[in-house]
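Each protein sequence line maps, in turn, to chains A and B.
Taking our numbering, the leading residue of the first sequence gets 1, the next gets one more, and so forth.
Taking our numbering, the leading residue of the second sequence gets 1, the next gets one more, and so forth.
If you are wondering where the hints come from, they were derived from the structure by calculation, not from laboratory data.
Any given hint could turn out to be false.
[Stated by the list, open to error] Stretch by stretch, here's where chain B covers chain A in the computed footprint (C-beta under 8 Å, at least three residues): (1) 72 to 84; (2) 103 to 112.
[Claimed, not checked] Once the Cα atoms are required to be at most 27 Å apart in a straight line, the calculated DSS-like pairs of lysine-lysine come out as: (3) A:K70 to B:K9; (4) B:K44 to A:K70; (5) B:K9 to B:K44.
Every residue, glycine too, gets a C-beta built ideally from N, C-alpha and C.
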Amino acid sequence: TQLLEQSPQFLSIQEGENLTVYCNSSSVFSSLQWYRQEPGEGPVLLVTVVTGGEVKKLKRLTFQFGDARKDSSLHITAAQPGDTGLYLCAGALTGTASKLTFGTGTRLQVTL
Amino acid sequence: NAGVTQTPKFRILKIGQSMTLQCTQDMNHNYMYWYRQDPGMGLKLIYYSVGAGITDKGEVPNGYNVSRSTTEDFPLRLELAAPSQTSVYFCASSYLAGVYEQYFGPGTRLTVT
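With the sequences and hints as input, model every part of the structure.
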């Protein structure tokens, strides 16, 4: 059983389109992070959210942490080819902050 | 500052062979982690360490062993390799846990045939 489910698994869109990626769980997380991974490389942190309802923006990327701290979303506005990659959410379960639980991943491809 | 380095980059093992994946970080981080990533999937935690001399199991520890004799190094040992261990292995480190960023190495692609 996967603690953090991401949807969709795959997304292929054209440049300029908007998209949203979801990260859902039945467990409560004390914090949640989003990473992006490019082929042949390790994941790189995009953002950390810690407060229920928190919204953070990183240029064209908007991240939201659910009010109950069980889910999160990543919205990309006007996607560009440089946004292509594997997006991973990762949460620290309440009481087990020493380690992260990673989501199943969303592979995004943005074409011209 | 090299960050997190891993060796080797690629390796092919025969079933039953053993090997050690090396991981070194130069950021003086307390926490270190080993993950495996199967094709197109997320990361699964194998083992982690909160400091030198302290290690603990993650989600998928069977078939692996670790040690942490120094702050910098966190090798992962595979004993009696099996085809199910074919994967990409990532080492990561962080200053502390929870909200702190994990810095990842470039990965080791392992094939067991």
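Going through the hints against the structure:
no.: 1; hint: 72 to 84; verdict: violated (count 0)
no.: 2; hint: 103 to 112; verdict: holds (count 4)
no.: 3; hint: A:K70 to B:K9; verdict: violated (36 Å)
no.: 4; hint: B:K44 to A:K70; verdict: holds (19 Å)
no.: 5; hint: B:K9 to B:K44; verdict: holds (19 Å)
Violated hints, listed in ascending order, are 1, 3; each of the other numbered hints is respected by the structure.
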